[in-house]
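Q: Position 396 of the sequence shown, counting from 1, maps to 423 under my numbering, and the rest follow consecutively.
Warning: the hint list may mix true and false statements.
Stated by the list, open to error - Cross-link-like lysine-lysine pairs, in silico, BS3-like; alpha carbons within 25 angstroms at most: (1) Lys316 / Lys179; (2) Lys299 / Lys200; (3) Lys141 / Lys65; (4) Lys279 / Lys289; (5) Lys127 / Lys293; (6) Lys66 / Lys127; (7) Lys299 / Lys179; (8) Lys127 / Lys299; (9) Lys293 / Lys316; (10) Lys316 / Lys375; (11) Lys66 / Lys179; (12) Lys141 / Lys116; (13) Lys279 / Lys290; (14) Lys152 / Lys200; (15) Lys200 / Lys177; (16) Lys177 / Lys289; (17) Lys279 / Lys293; (18) Lys293 / Lys373; (19) Lys200 / Lys116; (20) Lys373 / Lys289; (21) Lys373 / Lys290; (22) Lys65 / Lys116; (23) Lys200 / Lys179; (24) Lys279 / Lys299; (25) Lys279 / Lys375.
It is worth saying that the hints were derived from the structure and are not from the lab.
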Amino acid sequence: MFSLRALHRAAPSPLRSCSNCLRQYSLASPSSQQQTQKKVIFSGIQPTGIPHLGNYLGALRQWVRLQDEASPDTTLLFSIVDLHAITIKQDARELATWRKEMLASLLAVGLDPKRCIIFTQSSVKQHAELMWILSCGASMGYLGRMTQWKAKLSLPADSSPLDPSPNNKDALKLGLFSYPVLQAADILLYNTTHVPVGEDQAQHLEFTRELAIGFNHVYSSSPSSSNTTTTTAVGVGAPILTIPQTLLSPAKRIMSLTDPTKKMSKSDPRPKSRILLSDSRDDIFAKIKSALTDSVEGVSYDRETRPGVSNLVDLLWHFGANGGGGAASPEELARDLRDLSMRALKEKVADTVDGGISGVRERYLELMRGDQAELVRHADEGARRAEEIAERTMVRVRNALGIGW
Numbered sequence: 028m029f030s031l032r033a034l035h036r037a038a039p040s041p042l043r044s045c046s047n048c049l050r051q052y053s054l055a056s057p058s059s060q061q062q063t064q065k066k067v068i069f070s071g072i073q074p075t076g077i078p079h080l081g082n083y084l085g086a087l088r089q090w091v092r093l094q095d096e097a098s099p100d101t102t103l104l105f106s107i108v109d110l111h112a113i114t115i116k117q118d119a120r121e122l123a124t125w126r127k128e129m130l131a132s133l134l135a136v137g138l139d140p141k142r143c144i145i146f147t148q149s150s151v152k153q154h155a156e157l158m159w160i161l162s163c164g165a166s167m168g169y170l171g172r173m174t175q176w177k178a179k180l181s182l183p184a185d186s187s188p189l190d191p192s193p194n195n196k197d198a199l200k201l202g203l204f205s206y207p208v209l210q211a212a213d214i215l216l217y218n219t220t221h222v223p224v225g226e227d228q229a230q231h232l233e234f235t236r237e238l239a240i241g242f243n244h245v246y247s248s249s250p251s252s253s254n255t256t257t258t259t260a261v262g263v264g265a266p267i268l269t270i271p272q273t274l275l276s277p278a279k280r281i282m283s284l285t286d287p288t289k290k291m292s293k294s295d296p297r298p299k300s301r302i303l304l305s306d307s308r309d310d311i312f313a314k315i316k317s318a319l320t321d322s323v324e325g326v327s328y329d330r331e332t333r334p335g336v337s338n339l340v341d342l343l344w345h346f347g348a349n350g351g352g353g354a355a356s357p358e359e360l361a362r363d364l365r366d367l368s369m370r371a372l373k374e375k376v377a378d379t380v381d382g383g384i385s386g387v388r389e390r391y392l393e394l395m396r397g398d399q400a401e402l403v404r405h406a407d408e409g410a411r412r413a414e415e416i417a418e419r420t421m422v423r424v425r426n427a428l429g430i431g432w
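Let the hints inform the model, and build the full structure from the sequences given.
A: Right, here's the structure in full:
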């Protein structure tokens, strides 16, 4: 079987900024493969409840921008990755609800099912099939160095999956440990050329690239002189799996309203720590009114000494024209607002946030309060379109392995 060994440096991962990313593609010098291969952009999100502002500003709003800026021949796939969600035990009824809420949220933020493919991961069985095939060549040592399972179990960075410590001996399950392999299958199944990710996911994309390079190295049949950074490893033939590039998204760290030293999270037991896309205007004003700040007069931006105030300024700035006033940075915006009281700042932020998501909220509630036939129709159509692409990839993979007909 293929292995990642000796391929470690075969194809360095190109990192690209996602700011004006489609414009950057057209300016970049394309490789020989890119000149003939149309762009395919893939990303996924776990169904863990209604998205909050961190999810919206960090991922979902960017997906809409990618959709709006992409050339007409670019394929865009956005998946609700429910198989990833069950790496941690979930209540079945709750997960079923979360899947519907996430689909409604993706439609509400502006993703157009006529322009992109929106689907649930578990509806396309080829994800699990390709994961198993890739896992046969995935290194335990490499997976052991990945950060995902350690972060989920709150373990030190130097933890080992074979560590006898009672803290992780029974808690670490195979699904969580092999999470990056399923993530690789998600991406490679669709001939993905570009994946928008944050810096915390760059390690997983490099793992995906190396898995694909290893597979191509063993199973591609004819010599090739293609550019190795975007196609395959040196000396192998026409690639079976496309090697994706990373679109590195500008960091949008939205912090908890109750503890601004931590990221906004749905796992926080305090509902006032986050603003959901479904929150009413009254909810938004109440949550921001109670947001933790400090007793220093005026507004200034310093994440270390004034994390709460800085978080509110970040929210204002991220909503741009709705409240940022055209400031080039949060620091500049804070200087413009330096004479505001905390009460006035919070009212401005609350009004701006409400204005920024009111349309999303209305569309979300419309979808969820109806008979949900529209959601089912979009889910079925997205799964059908995704499976068509996935099966074409799996035919190539099965034939290469000798398990096709």
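Q: Each hint should be assessed against the structure and marked as holding or not.
A: A quick look at each hint next to the structure:
A hinted pair counts as satisfied when its Cα atoms are at most 25 angstroms apart, and Lys316 with Lys179 does not qualify at roughly 31 angstroms. Restraint check: the Cα-Cα separation between Lys299 and Lys200 comes to about 32 angstroms, which exceeds 25 angstroms; the hinted pair is violated. Taking the CA atoms of Lys141 and Lys65, the gap is near 18 angstroms; set against the 25 angstroms cutoff, the hint holds. This hinted pair checks out: Lys279 and Lys289 have alpha carbons roughly 13 angstroms apart, not beyond 25 angstroms.
Between the alpha carbons of Lys127 and Lys293 the distance comes to roughly 17 angstroms, so the proposed pair stays at or under 25 angstroms and holds. Proposed proximity of Lys66 and Lys127 is contradicted: the alpha carbons are some 29 angstroms apart, above 25 angstroms. With a C-alpha separation of about 23 angstroms, the suggested pairing of Lys299 with Lys179 holds against the 25 angstroms cut-off. For a cut-off of 25 angstroms, the pair hint linking Lys127 to Lys299 stands: about 23 angstroms separates their Cα positions.
Under the criterion of a C-alpha separation no larger than 25 angstroms, the hint pairing Lys293 with Lys316 is consistent with the structure, at around 20 angstroms. Of the supplied pair hints, the one linking Lys316 and Lys375 holds, its CA atoms being roughly 11 angstroms apart against a limit of 25 angstroms. Between Lys66 and Lys179 the alpha-carbon distance is near 33 angstroms, which puts this suggested pair outside the 25 angstroms criterion. Taking the CA atoms of Lys141 and Lys116, the gap is about 34 angstroms. The hint is violated against a cut of 25 angstroms.
A distance of roughly 10 angstroms separates the Cα atoms of Lys279 and Lys290; the hinted pair therefore holds under the 25 angstroms criterion. The straight-line distance between the Cα atoms of Lys152 and Lys200 is roughly 21 angstroms, inside the 25 angstroms bound, and the hint therefore holds. In summary, the hint linking Lys200 to Lys177 is supported, as the alpha carbons are separated by about 12 angstroms, within the 25 angstroms threshold. Annotation: proposed proximity of Lys177 to Lys289 holds, straight-line Cα distance about 18 angstroms (limit 25 angstroms).
Pair hint Lys279 plus Lys293 holds up; C-alpha atoms about 16 angstroms apart against a cutoff of 25 angstroms. Distance check on the hinted pair: Lys293 and Lys373 sit about 22 angstroms apart at the alpha-carbon level, within 25 angstroms; holds. Among the hinted pairs, Lys200 with Lys116 is consistent with the structure: their alpha-carbon atoms are about 11 angstroms apart, no more than 25 angstroms. The suggested pairing of Lys373 with Lys289 holds, with an alpha-carbon distance near 19 angstroms, which does not exceed 25 angstroms.
Taken as a hint, the Lys373 and Lys290 pair is honoured in the structure, with Cα atoms around 19 angstroms apart against an allowance of 25 angstroms. In summary, the hint linking Lys65 to Lys116 is not supported, as the alpha carbons are separated by about 38 angstroms, beyond the 25 angstroms threshold. This hinted pair checks out: Lys200 and Lys179 have alpha carbons roughly 11 angstroms apart, not beyond 25 angstroms. For a cut-off of 25 angstroms, the pair hint linking Lys279 to Lys299 stands: about 20 angstroms separates their Cα positions.
At roughly 20 angstroms between alpha-carbon atoms, Lys279 and Lys375 fall within 25 angstroms of each other, so this suggested pair holds.
In the structure shown, a violation is registered for the earlier hints numbered 1, 2, 6, 11, 12, 22, in ascending order.
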